[in-house]
Each structure stands twice: as C-alpha cells, then as structure tokens.
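Trainee: Residue numbers (full-length UniProt numbering), protein chains in the order written: chain A, 1 to 257; chain B, 1 to 353.
No lab work stands behind these hints, which were simulated from the structure alone.
Take the hints with a grain of salt, since some may be wrong.
[Stated by the list, open to error] In the DSS-like style, the derived pairs of lysine-lysine whose C-alpha atoms are separated by at most 25 Å in a straight line are:
1. B/Lys62 to A/Lys122
2. A/Lys131 to B/Lys219
3. A/Lys114 to A/Lys169
4. A/Lys196 to A/Lys169
5. A/Lys183 to A/Lys169
6. A/Lys114 to B/Lys219
7. A/Lys131 to A/Lys183
8. B/Lys62 to A/Lys108
9. A/Lys108 to A/Lys122
10. A/Lys131 to A/Lys169
11. A/Lys6 to A/Lys183
12. A/Lys131 to A/Lys108
[What the hints assert, rightly or not] The following residues of chain A were derived to be distant from chain B, with all beta-carbon distances above 10 Å:
13. Val11
14. Arg13
15. Pro73
16. Arg77
17. Tyr85
18. Ala89
19. Met90
20. Pro92
21. Glu125
22. Asp134
23. Ile143
24. Asp194
25. His207
26. Lys249
27. Glu250
28. Asp252
Note that beta-carbon positions come from the ideal geometry of N, C-alpha and C, so glycine has one too.
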Amino acid sequence: MEPILKARGLVKRYGRVTALDHCDFDLMPGEVLAVIGDNGAGKSSLIKAVSGAVIPDAGTVTLEGREVRFASPIDAREAGIETVYQTLAMSPALSIADNMFMGRELRKPGFRGKILRQLDRKRMEDLAREKLNDLGLMTIQNINQAVETLSGGQRQGVAVARAAAFGSKVIILDEPTAALGVKESRRVLELIQDVKSRGIPIILISHNMPHVFEVADRIHVHRLGKRLCVIDPGEYTMSDAVAFMTGAKEPDTAAAA
Amino acid sequence: MSAQDNYEAAASGAATEVASFNDLDQGWLGRVHHALHVTPALVPLIVLLSSIIIFGLVLGSKFFSPFALTLILQQVQIVGIVAAAQSLVILTAGIDLSVGAIAVISSVVMGQFTFRYGLPVEVAVVCGLLFGTAIGTLNGWLIAVMKLPPFIVTLGMWQIVLAANFLYSANETIRSQEIAAEAPLLQLLGFKFNIGGAVFTLGVVFMLLLVLVLAYVLKHTAWGRHVYAVGDDPEAAELSGVNVRRTLISVYGLAGLICGFAGWALIGRIGSVSPTSGQLLNIESITAVVIGGISLFGGRGSILGTFFGALIVGVFTLGLRLMGADAQWTFLLIGVLIIAAVAVDQWIRKVAA
C-alpha cells in the first residue's frame, strides 16, 4: 500500500542547529500514526514541515503520490491537511460557529451573499452543530456561545471537530491531551477513534505513552532529527518505546526504518 | 491495555455529561454579566438613556426637546464619524492617533484642490477622500508588513500629517462665503433640514448610515469576523486561515477613508476649510470608543457602543452647559466615565463566572 503522506530526506536547520537531518516519514491511509520523541528531537519541526508551518531546506513531501510544496499552513489546509495546534488557534471572544468556519465562511446564495457579502449564519450554525454531534459533543448547548466560555476539553473538542469537518485527507493533532484532565483526555481519544472510523488518517504527537499505545496503529520514534524506527504497539512495551526514544536501547534491524 | 490506564475506568461511569452548562444557577449578577458579555453595547446604552432622562428631568423642555436632542447629534457628528474609524482600528487591538490629522488634511486637500488648482469640486472631494485612504493604507502597511507597533506608527504619522497640513496650506483658511459662492458641494454635509422641530444635517445622516453599515459589515460578513479574530489573537487567526496582513491593511485604509469623509463633514460643520480645526478629534474619538465599551485590547465591543459613547459625551456637554455649569465639570465627568468604562470592560472579560 502506498503512503498517503510521505516525506523523504527532509532537512531543516536553524542557524547551526539541525532540527531535521534527512528525515523520512510515512503515513498510511486510514491509520493513526503516533510520533514520539524526546524534547528537541525534532518532532515539531517534522510536523511543521508537513503542515506548511515551516519550509524545509531540502527534501520532498508527497501527498497521494504528488509532490507538494506548502508555503503556509493555509496551503496545506487547502490540500486537505488540517492541523490542531497545541494552542488550538481559536479566537476566544467569537462563537463556536464563527471559529469553526474562520477563514472559510459560507455566504448566502444570490444577491445577499454576492453583493452584500452576507454570511449564511443559519447554514454555518447547522453544519457546526452537526459536526459536533457527529463527534459526540452533544453537551455543547449553544453553538453561538463564545469559545472562551467552554471548558478546556470542550475547546479541544471543537478544535478537533473543526479539523475533522474540513480535513479531507490528513489530520494532525499536536499534543491534544497535554492540557486536559482524565475525563477530557478520554473524550479526545474517543474523538480520535471516531475520526479514524471515518477513514481519515491521523498523525498524533504526544508525550503520553498510555494514550499513544491505546490509539496508535504504528509509532514513529523520532530521535536526533530523524526517524529512528517505526514500531507496532502490539509488539513492544511502553518501556521499549521510551528506551528507543531516549537512546537507552537500539531497535533491532527489522524494526529500524 | 495493562493496569496503567485502569485509573480512567473510575471516571467512565460519570462521563455522560461532560461540563454542560447551567445558566440558571448564575444568579442575578451572573445574568447581568452574561448579558453584558453577549451584548457589550448595553452598558453605554443604559448610561446614555439614564443621562438623557436625568438631564430631561432637571432641565425640562429646554433639554428634552427635538431641537436640543438633535443639536447633540449635530455636535457629535464629526467625532462620531471619526470614532467609527477609530473603533475599527481598536477592534484589531491597534490604535490610530492620526485620525484627526487625516480628517483635517483631507478637508484641506478638498479646499486647496478646488481653490488653488481650480479643479472641479467633485474631483477635489474625491481626491481628498483618496488622500485620506492613502495615508490610512500607509499606516496599515507599516503596521502589518513592517510589524511596527500601531501606537508608534500613528504617533509619527500624526506629526507628519499635521506638519504637512500646515506646510501645504500655508496655514491659510478658505473662508465660508467663498466656499458657499464657488464650491457649495464642499459644504454639502452641512446642509440642514427640519422635521417637526428636529434639525438634521446631511453629516448627521451620514454618521447614522455609517454606523449602521459598519455594524452590519462587522456582524454579517467574513471580513467583519476577521477583524474581531485579528484583534482577539492574531496568531490564532493566522493559523485558522485568516489573512491577517490584508485584514489589518484594509482596516487602516478604511479608517483613513472614513476620516476623509469626516474632513468633508468638518467643512460642512464649520463652513470654512481651516488647517487648525479638529485638533481634539484624536482624544475625543478614543474617548467615545472607550466609553462605548470597546476593549482597547481588541476583539471585543461593537460599533453601536461607540456611537452611544459619542452621544454620551454630547449629552453631558450640552446638558451641563444648559445647567450653567463650568465646562470643566464636563471634562471631569467624562474622565470618571472613561475609568468606569474600562473597569466594566475588565469585569466583563472575567468569563470564569
């Protein structure tokens, strides 16, 4: 099977620091791929390179067999790659519906939309509600409430719902459970399963080993700016993964990438 | 999975109602807080209506007449127009200290182009409006592309434009009679009409229309939502697909255009074209915005609030004058209102309640 998103030989340098050192990356269709690595291993740079937030110095990114070059996150979004950033990238004072459609608002048909540029609030609200319901976020009562009035878990849910609603090819989640409590984390993990069941592949960056081992189909271990190995969570333990990631143990050649 | 995530099982039984909201338990203060949070223009509206009622009770028909009430509209029209421009800028978490200077230089350009170069007055008016737009766009470019702080850019632009205004006009006023005789279009927005004792000018009508149009645009178009998003958190706006740079430049450009219209209305109001007019417009416009409940930190507030804020200042000014009070009392009360308005804004921002 061909990877849906593939990167080869990515290099990114910040001055004399090498963040990505000829790094490869593969995401298969329909899978949840976790990316783990120590702080400073270059996980963020890798993710930013495939989501358009940084432009790699060398190497190629291929989406569905076609080479792509993203100049900005907006380019990647248009290609069908949605990213949920750790900061969530939402405007706190605006409503859930406003936030979900930020930058891709729907306008009314005909004169009112074309000439008066009027937004189709009804349709945006209905769609936003539908997407939230799809992901089991029924507890949000009012789609017009400001995002800042939501709890952390609900905000995360809205951000994931936004990505799931528009991400047609790949969804990237950066530390989605880092700031959340037990219940909210569980909700986000369920959201990940929901999105996966609809056939959209997910890249999950996380430090939380239990979460990674619970939802991931494969685990990409990142070390010193490149892919060290890709492991199957069924065949290795969390301790093995941590050992690979920190360099305490070398992977055997079969698993090495 | 092993024992590691068994701890989650304890939470699973209760997880059916994740953080749902119970609006009923907030109490009276909570409901007020919520209403203000949703409708930020409510505070200035209440202040406006109660000040009209109080002055009306104290002064009687001297104040509470169509004539006096519409006189307030005439007195605040210039500040109201400029404050609308200022609102747009402050919603993006910026500030524009050059609004007054842009309004004045636009009026000078309109006057000088007509009288010095003999251009048709229609052309001169369009040139004045374009000139205002150009200065505003330059502000926006310096802020959005060169990433300079709005306060610094517009502080500098204020000095530059004001100096250019005096140099270009040679500090010379074009007299009202000359304008009325040769280029009455310049005084168009000062045209008065009477509806049952209430006196309106076209400038007042323009201000009202401007406020309504901007309120619509901010609420019901994508651009308006982007203005709020940029003011709220520019980084988040950028990541969620808003072209922050273009939004900022268009906001400052539009503010410049609106100031150009304010300059035109200024000619209508004072009759003449004077390079020394409108010196207080900066401070007065910011005052109206703040009293109107728009947050100086951006992303919150409404243009209607600004309009009410401008009217509050007008009501206090006229009311206290009719009472025969020293004009300093007006400034003192306005000062109190400004601080009170910001205190209320801080309270509204506490969303944890």
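Trainee: Quick one: which hint numbers does this structure break? Sort them smallest to largest.
Mentor: The structure conflicts with hints 1, 3, 5, 8, 11, 15, 16, 17, 18, 19 and 20, although it agrees with all the remaining ones.
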